[in-house]
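Assemble the complex: chain A is given as a structure, and chain B must be docked to it using the hints.
Quick note, the sequences are listed as chains A and B, same order. Each residue of the first sequence is one higher than the one before, counting from 1 in UniProt numbering. Each residue of the second sequence is one higher than the one before, counting from 1 in UniProt numbering.
Hints in this document: simulated from the structure, not taken from any laboratory. Ideal Cβ placement from N, Cα and C applies to all residues, glycine included. Incorrect hints may appear among the rest.
Just a sample of chain B residues kept apart from chain A, beta carbon distances all over 10 Å, derived [said to hold, decoys possible]: (1) 22; (2) 63; (3) 189; (4) 222; (5) 258; (6) 259; (7) 272; (8) 290; (9) 292; (10) 313; (11) 368; (12) 424.
Derived DSS-like pairs (lysine-lysine); straight-line CA-CA distance at most 30 Å [stated by the list, open to error]: (13) 279/A to 89/B; (14) 259/B to 379/A; (15) 169/B to 154/A; (16) 50/B to 379/A; (17) 279/A to 27/B; (18) 379/B to 279/A; (19) 379/B to 169/A; (20) 98/A to 4/B; (21) 27/A to 279/B; (22) 27/A to 259/B; (23) 154/A to 89/B; (24) 98/A to 27/B; (25) 154/B to 169/A.
A few chain A residues facing chain B, derived, Cβ under 7 Å [claimed, not checked]: (26) 26; (27) 29; (28) 274; (29) 299; (30) 313.
There are 2 protein chains.
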Amino acid sequence: MQQKINVGLCGFGTVGSGVVQILENHKEEIVHQVGCPIEVKRILVNDMNKKREGNIPSSLLTDQVDELVQDPEIDVIVEVMGGIEGTYKVLEKAIQNKKHIVTANKDMMAVYGSPLLELANENQCDVRYEASVAGGIPIIRSLTDGLASDRINKIMGIVNGTTNYILTKMIEEDRTFEDVLKEAQDLGYAEADPSSDVDGLDAARKVSLLSTLAFSMPVELDDVDVRGIRGISFDDLSYAEQLGYTVKLLGIAARNEGKIEMSVQPTLVPHSHPLASIKDEYNAVYVYGDAVGETMFYGPGAGQLPTATAVVSDLMDVVKNIRLGVTGKSSVNPQFEKSLKSSNEVFSKFFLRLEAEDEAGTFLAITNVFARQNVSMDKILQMPKKDHSTAEIVLVTHQASREQIDVILHDLEELDVIKGVHSYYRVEGEGE
Amino acid sequence: MQQKINVGLCGFGTVGSGVVQILENHKEEIVHQVGCPIEVKRILVNDMNKKREGNIPSSLLTDQVDELVQDPEIDVIVEVMGGIEGTYKVLEKAIQNKKHIVTANKDMMAVYGSPLLELANENQCDVRYEASVAGGIPIIRSLTDGLASDRINKIMGIVNGTTNYILTKMIEEDRTFEDVLKEAQDLGYAEADPSSDVDGLDAARKVSLLSTLAFSMPVELDDVDVRGIRGISFDDLSYAEQLGYTVKLLGIAARNEGKIEMSVQPTLVPHSHPLASIKDEYNAVYVYGDAVGETMFYGPGAGQLPTATAVVSDLMDVVKNIRLGVTGKSSVNPQFEKSLKSSNEVFSKFFLRLEAEDEAGTFLAITNVFARQNVSMDKILQMPKKDHSTAEIVLVTHQASREQIDVILHDLEELDVIKGVHSYYRVEGEGE
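One chain only, chain A, in its complex shape (with noise of 0.2 Å):
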């Protein structure tokens, strides 16, 4: 057995130099855990004059990739610089060199994710992912550990941390998205450019590498139904807590016999359920699985510390499996061909918000819509406008399928007596 593992680390920012400083840290912990030290040969920086932190040898340091990826000393390769193209050929060429890769790269991961799961596959090469994904959770992990004695049927999670502190601050204080939102970017908690955020894009990527592992599946970024928060009003998120529920920006990803159905979208949960008290930055995923039941994970979803500690727990796993021979051989080889469900089979229960003429014979009108689709009532709250105009009509229905909503949605603007339909969304986490 090999008695020392090298490491090429791509990437010197604020991740990078905490994988250094734990893997410096924890020595001993690391020997005892996985039988030889691990450690950094290489650092691949972009400009090697830049002052640096710490006391790392500069003759660590280089800015040729083939430095690291044409090293047959190397082992590893430790991605945490971030970007896409340029970054997934830098890999591409480190597996056909035989490394095996840890990324923190969630949206590399998202794009080229098969092609690069496929070569590391016919290359006997490991690729982790853990910090990619709600890196203070160890969902992928355990999602890893879990296939191999049970069966997964259904993730559900708070996967992107900017949304949820939108959503938390808006109820809590009364506040608009637009407010909450200025607030968050002068604070640094979200981008000059939050779309990526809250147009639901990066929870989209989380859920698509948590499918296509759980259901062993190779599903893409596009099989994802995405809808963000952006549309969101106080008024959705109050009229929710009155009716005993609590919005969420939720990942889903399902699976019935064979199918699978995958979204991003608001989502109510009961009060009651765990993922209601997931606030601020917080990540959260449930898990179904056949053996164990209803799990969850909560933490942190970002951060310097809690990714660079899911990189070294991934490091850590490549090279018990290097050691155990066993590398290349990871599940995420999809299993199955992709069948996604359409959308007659997708259900759930729906909360609508209408404006409705305050008159007679409007109710009828708009359960006749529902009734015509099958669909029926769970809740219901009627509040005349002030100036009796108007009235707004808040329900929330039994199990529907998308397809039937979309008809009842398109039905009821086509109603004289409805003034607009404000507001639809999914419900979950309660029973029929």
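Leaving out everything else, chain B in the frame of chain A:
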């Protein structure tokens, strides 16, 4: 490397047959992950003639312990038969014969954990006991993984399903402790002799196991300060609700500057805290790590398949370690001498419920008692009884030491205006 790992299974009840099932149904996935097949070679049973479901070849069954622990071809003993003294003797002999151990036996581990782990380390054997603590939650695994790259400072959790079920029903259905306990017994959720659960011993065993691991310190069951839920009244729960808290039986283990505290006691957590939303028989454990921050694991605490899944995960880890040549090196070998905090070093907020004379001067007398100990108040609720003979006073302090609270409780009892101190509980999960 070994081409096959043979298992001796002690016990063939619900969990044991679950283990056999999972090993059978997930054969391929297991080979993928650990690099070789795992086979059950021998099963120890009490009664050879008992009729059994499934098609287990009767040649596998034996009632002779030595046919497992002396068999040189058996690598790992999986113990799911329960019992303390006798079972310890079996495992001791197994380790002396260089067998690795996977056990789901919390009672035995709480009493004999230290000598067993010590003996295992001497013999280069692994001992795994994930299934013994909160079967459906991979908490021990997470602590062990985390320990290699983080430093854990606090663990706080609901680790007993029966008591959480009772507390949930009491508050949700306005019922008394005795009433819900009786129902739980009728339904089979609670034992005929419920003391191990309701008096907190079961939870204390788990807390001592988790502390040994998290803080690498050889603690014992007696070091845990234990108070169960037997004395809790519906009034306690209801006043706590009014002040914004939920009462949970929490196991708490914390470390500051090398000293630790461990307790199991009814504890108030704010409604907004994720632990407050853990209902019925579910378990959840909060972990605070230096690097990763707050994480929480939630799931079923027990049950046939959750427990069997945990046993199989442990078994797979042991098999990996055998093949890695890193057995007997687990971090469960304590690194530090035991060092417990004394009662003037254990701090928290406290909830107190008193009955006092409803007259001028009463409140001043009470506040004087707190002021003498330099303990200030965060929340106060005073309600006169209907006949105005006495008043009920409920209050929450700011941080106070256990010692300060003991003096306060004593001094309050001495006051003429106090008719009685009905209850006092720790408060956790909110800032100062």
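Evaluated hints:
| no. | hint | result |
| --- | --- | --- |
| 1 | 22 | violated (5 Å) |
| 2 | 63 | holds (28 Å) |
| 3 | 189 | holds (15 Å) |
| 4 | 222 | holds (29 Å) |
| 5 | 258 | holds (17 Å) |
| 6 | 259 | holds (21 Å) |
| 7 | 272 | violated (6 Å) |
| 8 | 290 | violated (8 Å) |
| 9 | 292 | violated (5 Å) |
| 10 | 313 | violated (6 Å) |
| 11 | 368 | holds (37 Å) |
| 12 | 424 | holds (26 Å) |
| 13 | 279/A to 89/B | violated (49 Å) |
| 14 | 259/B to 379/A | violated (53 Å) |
| 15 | 169/B to 154/A | holds (28 Å) |
| 16 | 50/B to 379/A | violated (53 Å) |
| 17 | 279/A to 27/B | violated (40 Å) |
| 18 | 379/B to 279/A | holds (24 Å) |
| 19 | 379/B to 169/A | holds (25 Å) |
| 20 | 98/A to 4/B | holds (28 Å) |
| 21 | 27/A to 279/B | violated (40 Å) |
| 22 | 27/A to 259/B | holds (24 Å) |
| 23 | 154/A to 89/B | violated (43 Å) |
| 24 | 98/A to 27/B | holds (28 Å) |
| 25 | 154/B to 169/A | holds (28 Å) |
| 26 | 26 | holds (5 Å) |
| 27 | 29 | holds (4 Å) |
| 28 | 274 | holds (5 Å) |
| 29 | 299 | holds (4 Å) |
| 30 | 313 | holds (6 Å) |
In this structure, the earlier hints numbered 1, 7, 8, 9, 10, 13, 14, 16, 17, 21, 23 are contradicted, and the remaining ones agree with it.
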